[in-house]
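Engineer: Residues per chain are reported as follows:
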Amino acid sequence: MRPHRNHRAYWAFLGHRLSGLALALFLPFHFLALGLALEAAALDRFLAWTDLGMVKLAEWGLVVLLALHLFFGLRLLVLELRPWPGGDARLGWIVPGLAAALVIGGVFLIGAF
Amino acid sequence: MSDAASDAANKGGELTVRVWRGAEVGAFATYLVPARANQTVLDVVTEIQRYHAPDLAYRFACRVGVCGSCAMTVNGVPRWTCRTHVSRVAKAGALTVEPLRNLPRIRDLACDMAPFFDKWKAAGGRFEGGATRADLPAAVDPASPKRRAADAGIECINCAVCHAACDVVAWDAEYLGPAALLRAWTLVNDERHLARRATLDRAMGPGGCASCHTQGSCMAHCPVGLSPTEGIAGLKRMSLAAMFLGDR
Ligand code: SF4
Ligand code: SF4
Ligand code: FES
Numbered sequence: 001m002r003p004h005r006n007h008r009a010y011w012a013f014l015g016h017r018l019s020g021l022a023l024a025l026f027l028p029f030h031f032l033a034l035g036l037a038l039e040a041a042a043l044d045r046f047l048a049w050t051d052l053g054m055v056k057l058a059e060w061g062l063v064v065l066l067a068l069h070l071f072f073g074l075r076l077l078v079l080e081l082r083p084w085p086g087g088d089a090r091l092g093w094i095v096p097g098l099a100a101a102l103v104i105g106g107v108f109l110i111g112a113f
Numbered sequence: 001m002s003d004a005a006s007d008a009a010n011k012g013g014e015l016t017v018r019v020w021r022g023a024e025v026g027a028f029a030t031y032l033v034p035a036r037a038n039q040t041v042l043d044v045v046t047e048i049q050r051y052h053a054p055d056l057a058y059r060f061a062c063r064v065g066v067c068g069s070c071a072m073t074v075n076g077v078p079r080w081t082c083r084t085h086v087s088r089v090a091k092a093g094a095l096t097v098e099p100l101r102n103l104p105r106i107r108d109l110a111c112d113m114a115p116f117f118d119k120w121k122a123a124g125g126r127f128e129g130g131a132t133r134a135d136l137p138a139a140v141d142p143a144s145p146k147r148r149a150a151d152a153g154i155e156c157i158n159c160a161v162c163h164a165a166c167d168v169v170a171w172d173a174e175y176l177g178p179a180a181l182l183r184a185w186t187l188v189n190d191e192r193h194l195a196r197r198a199t200l201d202r203a204m205g206p207g208g209c210a211s212c213h214t215q216g217s218c219m220a221h222c223p224v225g226l227s228p229t230e231g232i233a234g235l236k237r238m239s240l241a242a243m244f245l246g247d248r
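Line order of the protein sequences matches chains Z and B.
Under this note's numbering, think of the first position of the first sequence as 1, with each following residue one higher.
Under this note's numbering, think of the first position of the second sequence as 1, with each following residue one higher.
So that you can see chain Z by itself, here it is in the shape it has in the complex (with noise of 0.2 Å):
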């Protein structure tokens, strides 16, 4: 990291960017995988394998930058369409929409074992 980047409002943007790239990136698999609903037996085969631990552990990697997406996201909106208090741009939100983006994803931990 660059020193004049090293700093939480560059983290976030890079949350934000990162979290949405991946998340465009599995689109298409996710499309695909609701194409199969078409066919009973292929979309049973295909559940069967998502029990796997590895592509549960993977599907937790999903949610859990969903759910980062959506709380850096909000953030976005909400600093972009209220004014400020202080002049902080929402700082104090980066560290909890981290912090709740994890929870979320131990909450799918505890559901999916």
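In short, the hints are calculated from the structure, not lab data.
Check the hints yourself; a few may be wrong.
As the list claims (entries may be wrong) - From the derived model, a few chain B residues whose C-beta atoms are all more than 12 Å from chain Z:
no. : residue
1   : Ser87
2   : Gly129
3   : Cys212
As the list claims (entries may be wrong) - Restraint ranges, calculated between C-beta atoms of paired labels, are given here:
no. : chain 1 : residue 1 : chain 2 : residue 2 : range
4   : B       : Ile106    : Z       : Leu109    : 53 to 61 Å
5   : Z       : Leu21     : B       : Leu136    : 52 to 60 Å
6   : B       : Ala114    : Z       : Leu70     : 18 to 26 Å
7   : B       : Ser87     : Z       : Gly92     : 23 to 31 Å
8   : B       : Gly13     : Z       : Val78     : 45 to 53 Å
9   : Z       : Ala58     : B       : Pro206    : 54 to 62 Å
10  : Z       : Ala100    : B       : Arg147    : 52 to 60 Å
11  : Z       : Arg82     : B       : His213    : 13 to 21 Å
Just so you know, even glycine gets a beta-carbon here, dropped at the ideal spot from N, CA and C.
Dock chain B with the ligands against chain Z, hints included.
Structural biologist: Same frame as chain Z, but now just chain B with the ligands:
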């Protein structure tokens, strides 16, 4: 305390200073200067010019954080050098001093500020008043929301630190940049400015506020503590309102 005595107070410590020499093409030269108890980065650059490299080009004027001419990149971060103490930024007695990022380099530590000010003009940053000498000064209520919003930008010293810190400026040649957009935000909130709508149109146009990715580097590094990010968010809000609710 004489210089010699203050040197002794620092146990004869030395700073190793790498300074950019040349223009776009160039190289770092290394100088050793005495570490002193109370020393700014600008002091160090001046010492190098006085005792080691009389042909070193750099800019400064006020030396007290008012004129905005002394900004340079210090250990990778854009800073006003006259108010940056070495003790705060040196890493193990080492400093690297370069010209500001995102501006053409003229020579050594001096860069060409013209593109920076051209963007102020392109952002509609010129005040247009309608009053004459015969008129009384405009009565602007200091507590009004608009006047308070204008506060965000009027202390700007045009140092270009934010311009150098912003990645979008580096990525998109058309982008007007944080300082110019903050100036536009000040003007659209200035009751006396007659070209308010024209300024808003330019701030909303290509390279305007919509290009900002809210990375907040401008806000993190502005030496005066201003928040161009906030002004740009204000412009985004205002342009959205202009689009949906109509604006004169
Ligand atoms: S908030 Fe906008 S203007 Fe400021 S550094 Fe980030 S991208 Fe540039
Ligand atoms: S907004 Fe801050 S960093 Fe940018 S030019 Fe003005 S004083 Fe310098
Ligand atoms: S010399 Fe004027 S701001 Fe540094």
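Engineer: Decide, hint by hint, whether the structure agrees.
Structural biologist: Hints and how they fare:
1. Ser87: holds (17 Å)
2. Gly129: holds (27 Å)
3. Cys212: Incorrect as stated: the minimum Cβ-Cβ distance to chain Z is 9 Å, not above 12 Å.
4. B:Ile106 x Z:Leu109: 53 to 61 Å: This hint holds: roughly 57 Å between Cβ atoms.
5. Z:Leu21 x B:Leu136: 52 to 60 Å: Distance hint for Leu21 of chain Z, Leu136 of chain B holds at roughly 57 Å.
6. B:Ala114 x Z:Leu70: 18 to 26 Å: Cβ of Ala114 of chain B to Cβ of Leu70 of chain Z: about 43 Å, so the range 18 to 26 Å is violated.
7. B:Ser87 x Z:Gly92: 23 to 31 Å: Holds: the Cβ-Cβ distance is about 30 Å, inside 23 to 31 Å.
8. B:Gly13 x Z:Val78: 45 to 53 Å: For Val78 of chain Z against Gly13 of chain B, whose Cβ atoms are near 48 Å apart, the range 45 to 53 Å holds.
9. Z:Ala58 x B:Pro206: 54 to 62 Å: violated (41 Å)
10. Z:Ala100 x B:Arg147: 52 to 60 Å: violated (37 Å)
11. Z:Arg82 x B:His213: 13 to 21 Å: holds (19 Å)
Violated hints for the displayed structure, listed by number in ascending order: 3, 6, 9 and 10.
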